[in-house]
Amino acid sequence: MLSYLIDIFLIGVSAAIINNFVLYYFVGICPFVGVSRKISTAFGMGCAVIFVIAIAAVLSWTITAYILMPGAPLSAYVAGMFMPAEAAAGIDLTILSYIVYIFAIASSVQFVEMYVRKFFPPLYKALGVYLPLITTNCAILFACLVIMSKITGVDNPADAWDLGRALTLAVGGGIGFTIAIVIMAGIREELNLCDVPKPFQGVAIALITAGILSLGFMGFTGVDSGLRKAMMPKPEVVAQAQPATEAGK
Amino acid sequence: MADQPTAAERFIQGILPENPVFRQILGLCPTLAVTNGLKAAITMSAAVMFVLFCANVMISLIRNLLKPHLRIVIFTLTIATFVTIADRFLAAYVYQMSKVLGPYIPLIIVNCIIICRCEVCASKQGVVAAGADAIGQSLGFCLALSSIAIVREILGTGKIFDIRVLPAVWPDWVIMVLPPGAFLTFGLLLGLVNWYSARSQQTAGGK
Chain A
5 MLSYLIDIFL
15 IGVSAAIINN
25 FVLYYFVGIC
35 PFVGVSRKIS
45 TAFGMGCAVI
55 FVIAIAAVLS
65 WTITAYILMP
75 GAPLSAYVAG
85 MFMPAEAAAG
95 IDLTILSYIV
105 YIFAIASSVQ
115 FVEMYVRKFF
125 PPLYKALGVY
135 LPLITTNCAI
145 LFACLVIMSK
155 ITGVDNPADA
165 WDLGRALTLA
175 VGGGIGFTIA
185 IVIMAGIREE
195 LNLCDVPKPF
205 QGVAIALITA
215 GILSLGFMGF
225 TGVDSGLRKA
235 MMPKPEVVAQ
245 AQPATEAGK
Chain B
93 MADQPTAAER
103 FIQGILPENP
113 VFRQILGLCP
123 TLAVTNGLKA
133 AITMSAAVMF
143 VLFCANVMIS
153 LIRNLLKPHL
163 RIVIFTLTIA
173 TFVTIADRFL
183 AAYVYQMSKV
193 LGPYIPLIIV
203 NCIIICRCEV
213 CASKQGVVAA
223 GADAIGQSLG
233 FCLALSSIAI
243 VREILGTGKI
253 FDIRVLPAVW
263 PDWVIMVLPP
273 GAFLTFGLLL
283 GLVNWYSARS
293 QQTAGGK
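Taken in sequence, the protein lines are chains A and B. Using this note's numbering, you'd call the opening residue of the first sequence number 5 and step up by one each time. Using this note's numbering, you'd call the opening residue of the second sequence number 93 and step up by one each time.
What the hints contain is simulated information worked out from the structure, not anything from laboratory work. This structure is a prediction, so every number in the text was calculated from the model and none was measured. Cβ coordinates follow ideal geometry from the N, Cα and C atoms, glycine included. Watch out, some of these pointers could steer you wrong.
Unchecked claim - 30 Å max Cα-Cα, derived BS3-like pairs, lysine-lysine:
(1) B:131 <-> B:216
(2) B:191 <-> A:154
(3) A:42 <-> A:202
(4) B:251 <-> B:191
(5) B:159 <-> B:216
(6) A:129 <-> B:159
(7) A:122 <-> B:159
(8) A:42 <-> A:154
(9) A:122 <-> A:202
(10) A:154 <-> B:216
(11) B:191 <-> B:131
(12) B:191 <-> A:233
(13) A:154 <-> A:233
Stated by the list, open to error - From the structure, some residues in chain B lie toward chain A, with a derived Cβ separation under 8 Å:
(14) 124
(15) 172
(16) 175
(17) 176
(18) 182
(19) 185
(20) 202
(21) 268
(22) 271
(23) 275
(24) 280
(25) 286
Claimed, not checked - Have a look at the derived ranges for each label pair, beta carbon to beta carbon:
(26) A:234 <-> B:108: 46 to 56 Å
(27) A:82 <-> B:109: 34 to 44 Å
(28) B:108 <-> A:123: 41 to 51 Å
(29) A:196 <-> B:108: 29 to 39 Å
(30) B:101 <-> A:196: 54 to 64 Å
Isolated chain A (complex conformation) (with noise of 0.2 Å):
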């Protein structure tokens, strides 16, 4: 129990702050650059992603896990109906993983606007321009593909993630990318006081300065299998901790 706390925690913490979304795995650029001028938007942006980043988390650890996956129980079961029970159970569907991952996350949009348009007004008229542009934002789509690969890609079934981890990557990514959002309309408040030469005004100083955040954030690498180490003393889970190198090849 203890060590599922951790791993959690770590999870989270790894999402968030040491793998940010945005200034390591650059997904959700398009909003980072476009919705950055005030903070006040950049805030209510980045709630927008947390909440649906959530939902679209829940959703596609569910289809994953009883339709997608090789031998999911639902399609499994659906399956035997027409076919022998050993065919039925090595159905595999994940090819269509990223067609029903952008139509939930489609859908999904589309009935949190309406749900938040109806029961929660103040809340529609905070998020509202954003919701429908959280569509396309790549960070929902990468949490969706991040928590695919932890179900389908590992080697031993014991390794899959569960709900719990699922929906702690997402919220994690979307804490990290609201962080990210809100410190770099701080700065670009600010930004629009200085002398910036003509060239560069708008996005290209954006980005520089993104990338000196970037850099900062670097600072934090290699803290998740620090923090694991140390937290986690037991032989068999230290061999476990991967440091996420992909991006960085």
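Chain B: place on chain A using the hints.
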């Protein structure tokens, strides 16, 4: 339809005057993420070209059936289908590269360039114009990605396509192939492009 640009104009505009990356600031996610090597950048551009071409042609063919409030969903679903094809193809034939690109291939689905071209061009114009537009835009995308990748790979490793171009004493700027290098290179190149186009406009206006 009279004031719509022709196919040739669409093609030319995509490459430089309306370059998707440097002018419209779209599709930043792959621009920053896969430009640490020229090979990855070119593979990514090829995948985007395939998806953009197919999606543009498909949307252009069904443009009279589209309902306005459902069009974005139709665009994304069409794109997702072609991205799945591209992803499976890459995994089958260039497995190493597909590993390197990782989640950024499926993320083509939410690449704003493709949705933007479907919206601006393919849902209004015929198949020929839409196809030419797709090829022009993806060549522009390829150009932008390669320019960033060349700068980053040369400064970061001293090599390009595994051929050493800088002398061996060059201290590799490892930071250039890490995430911050992407932001810095793209920001500086964007400033350079802005400066150059402002200057050429000035000289053209002075005459």
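Tested hints:
1. A distance of roughly 35 Å separates the Cα atoms of residue 131 (chain B) and residue 216 (chain B); the hinted pair therefore is violated under the 30 Å criterion.
2. Proximity of residue 191 (chain B) to residue 154 (chain A) is assessed by CA-CA distance (about 15 Å); at most 30 Å being required, the pair is judged to hold.
3. Proximity of residue 42 (chain A) to residue 202 (chain A) is assessed by CA-CA distance (about 21 Å); at most 30 Å being required, the pair is judged to hold.
4. For the given pair, residue 251 (chain B) sits about 21 Å from residue 191 (chain B) by alpha-carbon distance, which is consistent with the 30 Å threshold.
5. For a cut-off of 30 Å, the pair hint linking residue 159 (chain B) to residue 216 (chain B) stands: about 13 Å separates their Cα positions.
6. Only pairs whose Cα atoms come within 30 Å are accepted, and residue 129 (chain A) paired with residue 159 (chain B) is accepted, the gap being roughly 27 Å.
7. The hinted pair formed by residue 122 (chain A) and residue 159 (chain B) meets the criterion: a straight-line CA distance of about 25 Å does not exceed 30 Å.
8. Restraint check for residue 42 (chain A) and residue 154 (chain A): not satisfied, since their Cα atoms lie roughly 36 Å apart, outside the 30 Å limit.
9. Restraint check for residue 122 (chain A) and residue 202 (chain A): the C-alpha separation of about 45 Å exceeds 30 Å, so the hint is violated.
10. Proximity of residue 154 (chain A) to residue 216 (chain B) is assessed by CA-CA distance (about 41 Å); at most 30 Å being required, the pair is judged violated.
11. A C-alpha spacing of about 13 Å is found between residue 191 (chain B) and residue 131 (chain B), which places the hinted pair at or below 30 Å, so the restraint holds.
12. Taking the CA atoms of residue 191 (chain B) and residue 233 (chain A), the gap is near 28 Å; set against the 30 Å cutoff, the hint holds.
13. As the CA atoms of residue 154 (chain A) and residue 233 (chain A) are separated by approximately 21 Å, the hinted pair is consistent with the 30 Å bound.
14. Annotation: residue 124 (chain B) was flagged as interfacial toward chain A, and the flag holds, the nearest CB pair being 4 Å apart, inside 8 Å.
15. Hint status for residue 172 (chain B) relative to chain A: holds, with the closest Cβ pair at about 4 Å, below 8 Å.
16. Satisfaction of the interface hint for residue 175 (chain B) is found here, the shortest Cβ-Cβ separation to chain A being roughly 6 Å, below the 8 Å cut-off.
17. Because the smallest distance between the Cβ of residue 176 (chain B) and any Cβ of chain A comes to about 5 Å, under 8 Å, the interface hint for this residue holds.
18. With a cut of 8 Å, the hint placing residue 182 (chain B) at the interface with chain A is violated, because the nearest CB-to-CB distance is about 13 Å.
19. With a least beta-carbon distance of about 16 Å to chain A, the hint placing residue 185 (chain B) at the interface is violated under the 8 Å criterion.
20. Checking residue 202 (chain B) against chain A by beta carbon gives a least distance of about 5 Å; that is within 8 Å, so the hint holds.
21. Using the Cβ-Cβ criterion of 8 Å, the hint placing residue 268 (chain B) at the interface with chain A is not satisfied: the shortest such distance is roughly 11 Å.
22. For residue 271 (chain B), the interface hint holds, since its Cβ comes within 8 Å of a Cβ in chain A; the closest pair sits about 5 Å apart.
23. Because the beta carbon of residue 275 (chain B) sits about 3 Å from the nearest beta carbon in chain A, less than 8 Å, this interface hint is met.
24. Residue-level restraint check for residue 280 (chain B) holds (minimum Cβ-Cβ distance to chain A is 7 Å; threshold 8 Å).
25. Annotation: residue 286 (chain B) was flagged as interfacial toward chain A, and the flag holds, the nearest CB pair being 4 Å apart, inside 8 Å.
26. Between residue 234 (chain A) and residue 108 (chain B), the C-beta spacing of about 53 Å keeps the proposed range 46 to 56 Å intact.
27. Remark: the range hint 34 to 44 Å for residue 82 (chain A) to residue 109 (chain B) is contradicted by a beta-carbon distance near 52 Å.
28. For residue 108 (chain B) and residue 123 (chain A), the Cβ-Cβ distance of about 49 Å falls inside the hinted range of 41 to 51 Å, so the restraint holds.
29. Judged by the Cβ atoms, the range 29 to 39 Å given for residue 196 (chain A) and residue 108 (chain B) holds: they are separated by roughly 30 Å.
30. Taking 54 to 64 Å as the suggested C-beta distance range, the pair residue 101 (chain B) and residue 196 (chain A) does not conform, at roughly 37 Å.
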